[in-house]
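The sequence shown: position 838 = 838 (the UniProt record's numbering), numbered continuously.
None of these hints come from the bench; they were simulated from the model. Treat each hint with caution, since some may be false.
[To be verified] As a list, the in silico DSBU-like pairs of lysine-lysine whose alpha-carbon atoms are at most 30 angstroms apart:
#1 K8 / K139
#2 K402 / K457
#3 K484 / K117
#4 K70 / K287
#5 K348 / K386
#6 K369 / K437
#7 K494 / K458
#8 K369 / K406
#9 K507 / K689
#10 K609 / K484
#11 K328 / K631
#12 K209 / K239
#13 K581 / K325
#14 K719 / K209
#15 K689 / K559
#16 K233 / K287
#17 K437 / K562
#18 K241 / K117
#19 K507 / K559
#20 K238 / K70
#21 K539 / K364
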Amino acid sequence: MSSDIKNKIALRPIEPATRGERIEVTVNYIEIAKSFKYPDVHSYTFEVTTQQRKKAKREESEEVFYQLLKNKEFGQNVFPVFDGNMIYSSDELCDGKSNKKFYSINIPPKDGAGRAKSFSAALKYSSGCNTYQMAEYVKVNTNQRWGDAIQNNLRVLNTFINSNVRSQYLTHGRKQIFPKPNPQDRLFLPDGIELMLGFYQSIRPGWDKLLINIDICATTFYPSGPLIDLIPKILANKKSKDELRRGLSRDEIKHLEFFIKGISFTTTYHSANNSRPKKKASNISEKSAQQLKFDYNGRNISVSEYFRECGTPLEYSMLPCIVVKSTKRGQNDAFFPLEICSIISGQKFKVDDLNKPQRQDMIKQTAIKPPDRFQRIENGFTNVYKHSENNAMKSIGMLVEKELIKTESRVLDPPKLTSTLENKEIIPESGSWSVPKFIAPATLHTWSVVCFDPNLKKLQVEAAIRTLMEVLVEKGLKVNKPVKIIQGNTQNCKDALTSAAQRANPKLNPQLIVCILCLQSKEIGERRWRQVCHNIALKINGKLGGTNSRLIPKQLDFKDSKRYMVIGADVFHPSREDKRKGRPSTAAIVASIDPPATKYIGRYSMNKKLKNEVIEEIDSIVLDFVELFEKVSKKSPPEAILFYRDGVAEGQFESIMENEVTKLLDALKPFYETRKLPPPKLTFVIMQKRHHTRAKPNDESKADPKGNGNCKPGTVIDKDIVVPQYFTFFLQSHSSPLGTARPAYYHVIYDEIGFSQDEMQTLTYNLCFSSVRCNLSLSMVTPLHYAHNLANLAKNLVTYKEFPVKPPGRGGRQTQAPAPADPENVQDGKVYPAHDNIKNTMYFA
Numbered sequence: 001m002s003s004d005i006k007n008k009i010a011l012r013p014i015e016p017a018t019r020g021e022r023i024e025v026t027v028n029y030i031e032i033a034k035s036f037k038y039p040d041v042h043s044y045t046f047e048v049t050t051q052q053r054k055k056a057k058r059e060e061s062e063e064v065f066y067q068l069l070k071n072k073e074f075g076q077n078v079f080p081v082f083d084g085n086m087i088y089s090s091d092e093l094c095d096g097k098s099n100k101k102f103y104s105i106n107i108p109p110k111d112g113a114g115r116a117k118s119f120s121a122a123l124k125y126s127s128g129c130n131t132y133q134m135a136e137y138v139k140v141n142t143n144q145r146w147g148d149a150i151q152n153n154l155r156v157l158n159t160f161i162n163s164n165v166r167s168q169y170l171t172h173g174r175k176q177i178f179p180k181p182n183p184q185d186r187l188f189l190p191d192g193i194e195l196m197l198g199f200y201q202s203i204r205p206g207w208d209k210l211l212i213n214i215d216i217c218a219t220t221f222y223p224s225g226p227l228i229d230l231i232p233k234i235l236a237n238k239k240s241k242d243e244l245r246r247g248l249s250r251d252e253i254k255h256l257e258f259f260i261k262g263i264s265f266t267t268t269y270h271s272a273n274n275s276r277p278k279k280k281a282s283n284i285s286e287k288s289a290q291q292l293k294f295d296y297n298g299r300n301i302s303v304s305e306y307f308r309e310c311g312t313p314l315e316y317s318m319l320p321c322i323v324v325k326s327t328k329r330g331q332n333d334a335f336f337p338l339e340i341c342s343i344i345s346g347q348k349f350k351v352d353d354l355n356k357p358q359r360q361d362m363i364k365q366t367a368i369k370p371p372d373r374f375q376r377i378e379n380g381f382t383n384v385y386k387h388s389e390n391n392a393m394k395s396i397g398m399l400v401e402k403e404l405i406k407t408e409s410r411v412l413d414p415p416k417l418t419s420t421l422e423n424k425e426i427i428p429e430s431g432s433w434s435v436p437k438f439i440a441p442a443t444l445h446t447w448s449v450v451c452f453d454p455n456l457k458k459l460q461v462e463a464a465i466r467t468l469m470e471v472l473v474e475k476g477l478k479v480n481k482p483v484k485i486i487q488g489n490t491q492n493c494k495d496a497l498t499s500a501a502q503r504a505n506p507k508l509n510p511q512l513i514v515c516i517l518c519l520q521s522k523e524i525g526e527r528r529w530r531q532v533c534h535n536i537a538l539k540i541n542g543k544l545g546g547t548n549s550r551l552i553p554k555q556l557d558f559k560d561s562k563r564y565m566v567i568g569a570d571v572f573h574p575s576r577e578d579k580r581k582g583r584p585s586t587a588a589i590v591a592s593i594d595p596p597a598t599k600y601i602g603r604y605s606m607n608k609k610l611k612n613e614v615i616e617e618i619d620s621i622v623l624d625f626v627e628l629f630e631k632v633s634k635k636s637p638p639e640a641i642l643f644y645r646d647g648v649a650e651g652q653f654e655s656i657m658e659n660e661v662t663k664l665l666d667a668l669k670p671f672y673e674t675r676k677l678p679p680p681k682l683t684f685v686i687m688q689k690r691h692h693t694r695a696k697p698n699d700e701s702k703a704d705p706k707g708n709g710n711c712k713p714g715t716v717i718d719k720d721i722v723v724p725q726y727f728t729f730f731l732q733s734h735s736s737p738l739g740t741a742r743p744a745y746y747h748v749i750y751d752e753i754g755f756s757q758d759e760m761q762t763l764t765y766n767l768c769f770s771s772v773r774c775n776l777s778l779s780m781v782t783p784l785h786y787a788h789n790l791a792n793l794a795k796n797l798v799t800y801k802e803f804p805v806k807p808p809g810r811g812g813r814q815t816q817a818p819a820p821a822d823p824e825n826v827q828d829g830k831v832y833p834a835h836d837n838i839k840n841t842m843y844f845a
């Protein structure tokens, strides 16, 4: 990070925060012993090549390293570590800094599947790493700032704590491990995907201490083991294992083929050389092993007959076979009966590819109450990580304490709200409150209803809409009856919605079209429909420009600024696969246009540069907001802007400072100069949710009564597990009745308004109570929640030209074509903006 930008990052105010009830909590961190001396570490390049002189894959390089370590090739009592790219060691591994050291090694087949492989490796000194910079970084009153050196220290130290367990367990990423469960403890999602529970650990800098953050984690894999045992699960238990003897229907074969295509497997029998070759499934035969024939020694026999003659008759001869396409011309495809196939372990199934039932089941199975979660965490660092037995950690003198850290938290008081014109105060309890009547109900003149469920009767729909109207009127809205309920066809949604718009009122544009979808129609006939209508009413009133409830004015303290704007921004980034195809990132920004910060407008844009983390059009969008604020208020533009930004990692703070904060300052200055006004004071806060910090109160009587042992909403932690120099804090602003609550992690990186710690924490907490979508405090500030919704909507409102993709080869998956002439930018990208009729409304709420 450049020194200029580094010095602009906001530092923690000197005066500590004191607001709130003090409650001791346990956090999922352990402290590294004070005896750790932060030694110098040598780093080495490690180049591994195959027998064919090709660069080895990362997984192969790791196998080579761990085999060399096991064979003590690096020396007796020498315990280097490997991060997949570089080797780190406190001992010198080469004679001199310019010399190379060479190794040749054979790697036995993993789990007995496949063949032994031969590799060559070259080790060469690269550089030294002074980990003492980390010691300076965690000190109180330090001048050490975040930068490349600290990031490198974290990478090296993380490698030392994780390298030992990576060789023992299934891994995902650099910090997650998955011990093999007992057969009776295996977890499965619908359609046979295996859910695996594991552990995560990472070095984190703390307040005058170095810490290890330990947590549980979960991910999905293709199930491993004999395929014949897994087929019932893959087919959603529609057939038992015994029923498989009668074969599979055509639909079941297609379902199974979709599941296993491209999966690596081995067989339960050994070949002539006593090996179990590793194969990749291409597809599944339409015919059974009994019907499928091939030429063998001049005879045309079935697969079933072949195995009977070999002395291993098939039990499930009516099942089809896995087909493995031949990669050599002139050779026939190979057929493997399902009952002799076994799926190899460790094959990742992308969580992004889970369908809705699978996602719901995964959430259900991983929602663990705080006491249970912390018990698992303690089991993890005691029986899995075993830090005291980690030779790599011992080699650099790193020891850990034996208990999780206990620290002080503070529970802030909830803000006061009002929902009636009489300004009657409402005080939320456990992050929730009721709104008998909206403070500013809207008027619904023209609207239509479209039912897309052909199974619902007209009387059912009319009754449901009647209940919805009753609830809207109860909340204070003026509602006209919808002109007509239209039956829509999901195969032609456009015509149905166009008809609904035209029939709402021929002279006026419709304010609202209510769609009853097939998946939600089951709610119609249930008793809870009236409660559902209460939740829908909140959103309808917000979308129509009404206000449900609001914070009383003194709950939003912007110090000397009476005219302020609150902004939230988020960026949707496509998956890795979509990035390769050229899909752009879409950014969404929302801003308040009234002093109570209850009404927001939103804009979205497309980043022209691929894989760009910054919001490219942030300056023009914010200027649009400021101008509209000025127009709506009929006065001057805002004096202060509080900007919350989501989706930014610590390593990207420099880029955000240079390309977003500085860009905003440069854009706002001339705008205000033309009005002979000083530029607004800007405070820029980054919020992170992708972390593994969890907390639980040590006194159960201090827990959230609605939260299964979680901390109460309003819990702030700004000691011990944060660094002393930067303006950061953890805030759990919501109640979590399921699982363990995850707090938001706020980083104030730029602060011209000049908030104290108490002021910033309180204001941030209060801004979690202003969403029109629910009468609940959110897990993040409301503008970020809105921006997240708008970003998810905006990703479907851009078009682009995909990079060409080669057709799949024989037996293989798709491969990427050569990159286009300008692979850095989106090709033929286009954004479809919101219609003028809604662009300045809360349509995204």
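### Task
Decide if the proposed pair is consistent with the structure: K348 and K386, CA atoms, cutoff 30 angstroms inclusive.
holds (26 angstroms)
### Query
K609 and K484: Cα distance at most 30 angstroms?
violated (47 angstroms)
### Query
Does the alpha-carbon distance linking K484 and K117 stay inside the 30 angstroms limit?
violated (72 angstroms)
### Message
Need the status of pair K719, K209: alpha-carbon distance at most 30 angstroms?
### Response
Distance of about 11 angstroms is within 30 angstroms: holds.
### Query
Is K241 close enough to K117, meaning Cα to Cα at most 30 angstroms?
violated (36 angstroms)
### Task
Take the C-alpha atoms of K494 and K458, compute the straight-line distance between them, and say whether it is at most 30 angstroms.
holds (21 angstroms)
### Distance restraint between K70 and K287, which requires alpha-carbon spacing of 30 angstroms or less
violated (47 angstroms)
### Task
Verify the proposed pairing of K369 with K406, using a straight-line Cα cut of 30 angstroms.
Roughly 19 angstroms separates the two Cα atoms, so the pair holds.
### Query
Taking 30 angstroms as the top limit, are the C-alpha atoms of K581 and K325 close enough?
holds (27 angstroms)
#### Entry: Pairwise hint evaluation, K139 against K8, where the allowed Cα distance is 30 angstroms at most
Holds, because 20 angstroms separates the two Cα atoms, which is no more than 30 angstroms.
### Query
Are the Cα positions of K238 and K70 separated by 30 angstroms at most?
violated (46 angstroms)
### Task
Below or equal to 30 angstroms on CA atoms is what counts here, so check K209 against K239.
violated (57 angstroms)
Going through the hint list in order, the structure does not satisfy hints 2, 3, 4, 6, 9, 10, 11, 12, 18, 19, 20.
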